[in-house]
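K.L.:
Read off the chains here:
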Amino acid sequence: MTVPSSHLFLLAAILFSIGVLGFFLRRNVIVVLLCIELMLNAANLTFLAASRMHSLDVPGARVDLQGPIFAIFVIVIAAVEAAVGLALVIALYRRKQTVSLDDVSLLKD
Amino acid sequence: VANALFYLTAVLTVVAAGGVVLLRNPISNVLALLVAFFCLATIYLLAGFQFLAAAQILVYAGAIMVLFLFVIMMLNLAHLPGLEPVGLAVMKRGKSAVTLAVVSAVLCLSAAAVLGTPATSVLAAQPMPAEGLDAIGPTAGVTTGLAGEMFGRYLLPFEAVSMLLLATAVAVVVLAKRNRPGEPRA
Chain A
1 MTVPSSHLFL LAAILFSIGV LGFFLRRNVI VVLLCIELML NAANLTFLAA SRMHSLDVPG
61 ARVDLQGPIF AIFVIVIAAV EAAVGLALVI ALYRRKQTVS LDDVSLLKD
Chain B
1 VANALFYLTA VLTVVAAGGV VLLRNPISNV LALLVAFFCL ATIYLLAGFQ FLAAAQILVY
61 AGAIMVLFLF VIMMLNLAHL PGLEPVGLAV MKRGKSAVTL AVVSAVLCLS AAAVLGTPAT
121 SVLAAQPMPA EGLDAIGPTA GVTTGLAGEM FGRYLLPFEA VSMLLLATAV AVVVLAKRNR
181 PGEPRA
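If you read the protein sequences in the order shown, they are chains A and B. What the first sequence shows, in this note's numbering, is residues 1 to 109, in sequence order. What the second sequence shows, in this note's numbering, is residues 1 to 186, in sequence order.
Calculated directly from the structure, the hints in this document are not laboratory data. Using N, Cα and C, we set each Cβ at its ideal position, and we do this for glycine too. Treat the hints loosely; a few may be bogus.
[To be verified] Calculated pairs, DSBU-like style, for lysine-lysine (alpha carbon to alpha carbon, straight line, at most 35 angstroms):
| no. | chain 1 | residue 1 | chain 2 | residue 2 |
| --- | --- | --- | --- | --- |
| 1 | A | K108 | B | K177 |
| 2 | B | K177 | A | K96 |
| 3 | A | K108 | A | K96 |
[Claimed, not checked] A partial selection of chain A residues facing chain B, derived with a Cβ cut-off under 10 angstroms:
| no. | residue |
| --- | --- |
| 4 | S5 |
| 5 | F9 |
| 6 | S17 |
| 7 | C35 |
| 8 | A42 |
| 9 | V76 |
| 10 | A83 |
| 11 | L107 |
Start from the sequences and build out the full structure, keeping to the hints where you can.
P.N.:
Written out as structure tokens, the structure reads:
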């Protein structure tokens with residue numbers, strides 16, 4: 001693949017923006033969590049694109065491995081976040097019978 | 001061929017991500033995100049990160065998405081009527097204009113920065129090897145080197161993440177546990 005790394009960065013930026021849009025515009029807790037996952041994936045793609053860019057900068061050098069390492073850690077954090085978030089959704093649904101963020105404003109009011 | 005495959009996959013990823021935001025049924029949202037994850041795994045593979053592609057499919061598509069589907073089906077959320085405006089009606093909400101403006105401004109700035117980079121920059125001046133990372137070394141070296149780094153320099157973060165996973169397992173059980181009457185609240 002000879003695509004310039006900047007196009008990978010652009011794709012990551014687009015995915016992150018879509019995630020931000022969904023995060024602010026949707027009111028379903030599940031969809032908000034999905035949008036967070038999307039944003040974390042965009043961050044992953046940025047890590048890998050940066051690693052690829054640094055590897056390609058110096059021909060013959062060793063592959064830069066910090067990007068993939070951090071991407072693995074981000075995947076673990078995403079799994080943890082999904083598990084805790086979904087447990088909260090279950091607890092919320094059990095107490096209030098809703099998954100709409102408009103109905104959960106206890107700390108706001 | 002690899003380049004064409006990349007651009008095809010990138011467009012498909014963006015379309016699937018749009019589906020995550022705009023579709024009505026939560027199950028459709030999850031399935032759209034699944035498509036996006038598979039496309040991203042393809043991109044990782046094209047860029048030479050085989051292990052990350054495998055982890056992406058196993059952890060994201062395999063575990064996390066099943067968790068989401070499980071919760072949606074357990075709570076029977078697919079049949080909640082009229083929960084919120086969806087589709088393009090989502091854009092008509094009050095604060096959405098501000099959000100849309102900010103996000104599109106940031107996106108335009110980053111696009112201008114990426115695509116408008118002058119030809120004298122470091123990035124554009126580099127000749128691109130024919131096969132991406134394959135041209136640098138044998139591809140098996142990426143995964144092997146990854147293991148060496150993970151259990152060498154990054155051993156402490158690795159152990160910390162293990163503890164985090166354990167703590168999460170306990171916390172999720174506590175959060176989702178049903179409280180019996182007469183029992184003190186957690």
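K.L.:
For each hint, tell me whether it holds in the structure or not.
P.N.:
Results of checking the hints against the structure:
1. Of the supplied pair hints, the one linking K108/A and K177/B holds, its CA atoms being roughly 26 angstroms apart against a limit of 35 angstroms.
2. Only pairs whose Cα atoms come within 35 angstroms are accepted, and K177/B paired with K96/A is accepted, the gap being roughly 15 angstroms.
3. Simply put, K108/A and K96/A have alpha-carbon atoms about 17 angstroms apart, close enough for the 35 angstroms limit, and the pair holds.
4. Annotation: interface hint on S5/A holds; nearest CB of chain B at approximately 7 angstroms, less than 10 angstroms.
5. The closest approach between the C-beta of F9/A and any C-beta of chain B is roughly 6 angstroms, which is under the 10 angstroms cut-off, so the hint is satisfied.
6. Restraint check, S17/A versus chain B: the minimum CB separation of about 5 angstroms is within 10 angstroms; hint holds.
7. Given the 10 angstroms rule on beta carbons, the hint for C35/A holds: about 7 angstroms separates it from the nearest Cβ of chain B.
8. Interface hint at A42/A: satisfied, since its Cβ lies 9 angstroms from the closest Cβ of chain B, which is below the 10 angstroms cut-off.
9. The interface hint given for V76/A is met, as the beta carbon of that residue sits about 5 angstroms from the closest beta carbon of chain B, less than 10 angstroms.
10. Against a cut-off of 10 angstroms between C-beta atoms, the interface hint on A83/A holds, since the closest Cβ of chain B lies about 5 angstroms away.
11. Nearest Cβ of chain B to the Cβ of L107/A: about 17 angstroms, over the 10 angstroms cut. The hint is violated.
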